[in-house]
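Undergrad: Letter by letter, the chains look like this.
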Amino acid sequence: MTFIIETRDVSYSYGDGIEAMRGVSISLDEGRKIALVGPNGAGKSTLMLMFNGILRPTTGEVLFHGQSLRYDSASLREIRRKVGMVFQNSDDQIFAPTVYQDVAFGPVNLGYPEEKVKRYVGYALAYVGLLGYERRPPHHLSGGEKKRVAIAGILAMEPEVMVLDEPTSNLDPASSEEIMDMLDELNCGGKTIIISTHDVELAYRWADEVILMENGGVLCRGTGQEVFKDSELIRRARLKLPIVVDIYKELVGRGLLNGSNPPRNVLELTDLVEARSRGTISRGATGTIHIADVDKVGPDEIKGILDEADISYAGAMGTSAKVLAEQVGISLDFTYGVIDKCILKALTGKNSLIMTSGGMVDHSLRRIRGYGEESGSRIEAVKLEPPAGSRADSKKQEASGPKYSMEHAGMAQ
Amino acid sequence: MHDLLDDYAHSSALTKTSPRLKLLLGLGAMLLCVSSATPIAPIFIAVTMSLITIGIAKTPGRFYFTLLLIPLSFALLSSGVVAFMHGGGDQLFAVNLFGFLLEIREDGANLALLLIARTFGGMCSLFFIALTTPMMEIFSVLKSLGLPDFLVDLSMLMYRYIFVFIDQAALIHNAQVMRLGDAGIKNTLKSHAILSGVLFLRAWEQGERLIVAMDARCYDGRLSLVEPAARAKPRAIFAVMIYIIIVSAIAFLTKDIRLL
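Residue numbers (the working numbering), protein chains in the order written: chain Z, 11 to 423; chain A, 15 to 274.
By construction, these hints were calculated from the structure, which means they are not laboratory data.
Here are the computed distance ranges between Cβ atoms for each label pair:
id	chain 1	residue 1	chain 2	residue 2	range
1	Z	Glu125	A	Glu222	31 to 37 angstroms
2	Z	Glu260	A	Ala197	51 to 57 angstroms
3	A	Ile176	Z	Arg248	35 to 41 angstroms
Where is the CB? At the ideal position from N, CA and C, for every residue including glycine.
Model the full assembly from the supplied sequences, consistent with the hints where possible.
TA: Here it is in structure tokens:
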């Protein structure tokens with residue numbers, strides 16, 4: 011199997027002779043969520059700039075789909091289209107005087123005809139939830155909106171990999187969560203997402219794979235649980251433990267828990283504690299989680315289920331779901347970490363509704379059923395069925411499949 | 015936040031009308047102002063343009079008048095000097111200042127009046143353009159008039175980064191004031207020098223980052239995607255034409271009238 015991005019013994023020195031990167035060899039699998047974690051100056055940004063050929067390693071090589079990167083202008087164009095990069099500071103990235111122009115920049119430079127440019131820009135803006143912002147100048151946008159514009163500008167070029175440098179820095183918590191939620195959705199659509207961060211909570215919770223960097227090299231890599239197990243290593247990298255791991259370690263220290271693998275999230279931690287205190291996870295009635303695919307069911311069905319079933323909590327994942335929730339006038343209890351939150355609530359016997367779309371629907375079902383099998387508790391996950399005479403456009407959406415596809419989206423609009 | 019003319023232009027009620035027509039109206043009125051022989055046409059233009067800007071384009075009146083005060087105060091000062099400088103005609107006013115005779119004569123007074131009226135009318139026309147036409151639309155007009163792409167591109171980038179640097183300048187200024195950088199003239203001058211120097215360096219760095227950002231998105235020499243501007247409605251064209259004809263007629267018919 012070939013990796014989507016691979017570096018082999020890559021080193022890099024800046025003009026002043028300072029070595030920013032020494033002998034880094036990593037290989038990244040396709041379709042995963044990867045976080046480069048490390049303190050300031052660890053070389054995260056330098057490494058990211060190599061993924062699409064903006065920096066050329068002093069020694070060593072970078073490979074994309076097993077092919078060594080070449081640095082002539084035609085190859086560079088190709089790699090930059092496939093590996094989209096979102097910079098830390100949105101003002102560096104958004105240079106056009108209106109939102110439309112900025113998002114259109116990539117497609118125009120790829121030589122697309124005008125009609126196609128329009129379609130792609132429309133789709134990218136719809137995806138990030140900024141339709142209607144076309145003529146706005148960037149200096150009238152909030153930080154979160156600027157970040158969305160920057161992401162839309164990359165999406166309009168249909169990259170396979172999205173590289174984001176500190177995507178949540180300078181954003182308020184709600185905006186950060188929305189951005190990360192959007193990245194989850196993109197990942198569900200098949201894109202490989204690479205972020206750099208020094209927010210350990212974020213990396214631990216979000217990433218499939220964590221690469222711990224320090225001083226221009228890779229300290230360690232693995233799942234969040236593997237990497238954050240070793241507190242000595244984390245201290246060396248000038249980071250701190252995620253709060254879940256910290257609590258877990260203290261509980262183990264007091265002999266309240268035992269085991270070797272820290273829990274991934276609050277859900278697993280509460281399960282561990284419950285299993286320990288009650289001897290087993292045996293519960294009475296668990297709640298039901300209703301899942302609504304907003305591409306297929308309309309406001310009426312959602313209102314219907316809210317009336318019929320005794321739903322205590324509602325959550326939405328993805329832009330279209332959030333837009334619909336706003337239309338229907340549902341106040342959302344969860345806008346991030348929705349599935350886990352709903353499972354937690356189901357375990358306390360409460361019913362909940364998850365609104366989402368595309369590949370996230372099956373992802374939610376799998377996640378809930380997977381949890382049920384693992385923990386032995388039965389949580390019912392019900393997919394909301396569309397009514398017989400379903401909405402006209404839902405057929406097309408169905409045809410396009412869950413995979414994020416520009417061509418279909420354009421036609422569906 | 016900063017109070018920028020461009021922001022008002024974005025929220026103006028005339029944002030969506032054809033920029034060409036707005037430019038035609040503004041520039042036409044301005045030309046008539048400067049070429050008019052008497053103050054009557056410019057005064058007419060000043061009044062009507064203000065009415066259009068406040069009444070139709072919905073620019074806040076209070077803001078509009080404070081804005082007008084700036085050029086008006088300049089015009090009043092300079093026309094005062096002009097009034098005293100030009101001789102000819104009957105003496106209207108004289109004052110003896112320590113043996114110097116300062117007098118205003120008819121010609122001087124007329125010229126001063128004309129100067130005020132022209133400045134006033136011209137500024138009202140210019141503000142009409144500035145307060146109803148966002149910069150982006152002016153770029154699109156420039157492009158359709160055949161300005162080379164690279165000039166349009168450069169102006170668009172400059173326009174975009176003006177706002178980034180205004181923010182930066184404000185931040186640096188605050189940082190200086192916080193540490194008493196504005197205590198005394200000497201300090202103020204020094205702070206300003208530092209601010210300019212730092213801004214220059216920041217601009218330079220921003221330029222380098224800009225190139226990286228453009229390259230990262232496959233820059234291939236194509237930037238100027240000026241959106242096609244709104245087309246003018248026949249009714250609007252007709253109205254503008256009528257207005258210009260009326261102003262021309264006023265200017266022509268009143269060309270021999272002397273106010274004083």
